[in-house]
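*Asks:* Hey, can you piece these two chains together into the complex? The hints should help.
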Amino acid sequence: KQEVTQIPAALSVPEGENLVLNCSFTDSAIYNLQWFRQDPGKGLTSLLLIQSSQREQTSGRLNASLDKSSGRSTLYIAASQPGDSATYLCAPRGYGNKLVFGAGTILRVKS
Amino acid sequence: SAVISQKPSRDICQRGTSLTIQCQVDSQVTMMFWYRQQPGQSLTLIATANQGSEATYESGFVIDKFPISRPNLTFSTLTVSNMSPEDSSIYLCSVGPSQKEKLFFGSGTQLSVL
Numbered sequence: 003k004q005e006v007t008q009i010p011a012a013l014s015v016p017e018g019e020n021l022v023l024n025c026s027f028t029d030s031a032i033y034n035l036q037w038f039r040q041d042p043g044k045g046l047t048s049l050l051l052i053q054s055s056q057r058e059q060t061s062g063r064l065n066a067s068l069d070k071s072s073g074r075s076t077l078y079i080a081a082s083q084p085g086d087s088a089t090y091l092c093a094p095r096g097y098g099n100k101l102v103f104g105a106g107t108i109l110r111v112k113s
Numbered sequence: 250s251a252v253i254s255q256k257p258s259r260d261i262c263q264r265g266t267s268l269t270i271q272c273q274v275d276s277q278v279t280m281m282f283w284y285r286q287q288p289g290q291s292l293t294l295i296a297t298a299n300q301g302s303e304a305t306y307e308s309g310f311v312i313d314k315f316p317i318s319r320p321n322l323t324f325s326t327l328t329v330s331n332m333s334p335e336d337s338s339i340y341l342c343s344v345g346p347s348q349k350e351k352l353f354f355g356s357g358t359q360l361s362v363l
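Protein chains in written order, with my numbering: chain A, 3 to 113; chain B, 250 to 363.
Chain B on its own, in the form it takes in the complex (with noise of 0.2 Å):
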């Protein structure tokens, strides 16, 4: 199993600002993932973060607004930019050794933007 530590655990923010939001796990991992989960709703994919690639949006998710990084196999940031109150969710990073393999995930960044 993998360990993940995203930082930070919460956070509350002014609107128009933007936060790095890390993704620190014990092993290296080729599959790392970004999801939002929206106040009483379920996960929604933002993201797939591959080392040495640029990362791969969904739908309705755009570059400019959530840059992500990925520089080793180990690490990730995901940023919300300018930032407005619709943007407060949950965001979890998510690892997987293979495709057969589990999904972990972090314990997530609680942001509220006022």
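This is chain A alone, in the form it adopts within the complex (with noise of 0.2 Å):
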């Protein structure tokens, strides 16, 4: 069974800083990984998608690796800015399709 955690759990930091968010999972049969971002009280928003053929995705000031192997992903964002804060969720997908949710890093950046 898929076991995913998201390290740090919280995470508050001033505004220009360079983050890095960790995720790892304990299966690596995975088709790929997805990370999300969600706002209070709403939906799940698609940051980045990762196939597990691949080692990384970029998308603007966000940037995330994957090493299916060791069962990990990173999340990196750049020069966050105060409209970052939200909770940022991995999901590997396995090839059962289905996504499995760590339980999230609560950002918040300060202005």
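Calculated from the structure, these hints are not laboratory results.
With a Cα cut of at most 30 Å, we get these calculated DSS-like pairs of lysine-lysine:
| id | chain 1 | residue 1 | chain 2 | residue 2 |
| --- | --- | --- | --- | --- |
| 1 | B | Lys351 | A | Lys70 |
| 2 | A | Lys3 | A | Lys100 |
| 3 | B | Lys256 | B | Lys314 |
| 4 | A | Lys100 | B | Lys349 |
| 5 | B | Lys349 | A | Lys3 |
*Replies:* This is how it looks when you write it as structure tokens:
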């Protein structure tokens, strides 16, 4: 059974800092891994999707890496802004087609 | 990308009643999923709903409590039956064109049961 751990659970930083959010998963037999953000009381917004054959994906100030063999993914946020404040979730997708979510990292960027 | 409309966005219900949540997608999709997010928790998959077949439920979820319909490739409903306060959660539908593509989520239904 896939288990996903996200570290840190919460993070509070001043505006402009570069951030690293970590995700580890126990079953490396995955199709891909997706990072999402969730704003309070809202649904999920997809940020990045990394296929199992890829090492990195970039979108604007976001960069996600994947080391499938070691069961790790990292989301890097450059030059953080107050609008980045949200909960960030990682979710590997297994061959059963299901996303399994971590508990998330709650990010607060202070202006 | 897929645009998902989920209704209602929120509701307050009495114990013992049922609520049906609708999920409408702007394009035909094979796979549709229903998730629950309990207060302060992450998302848990309830069931997978594919058109033309019975929904597949995850461990801990049963059809009598969470009946699902999938009449076509753009629409699904989830019913939360005989509700109790423990059912207070956000319920989200999700769609994925294929295994290798992104999953997209609706904006969720915030359910409170009194």
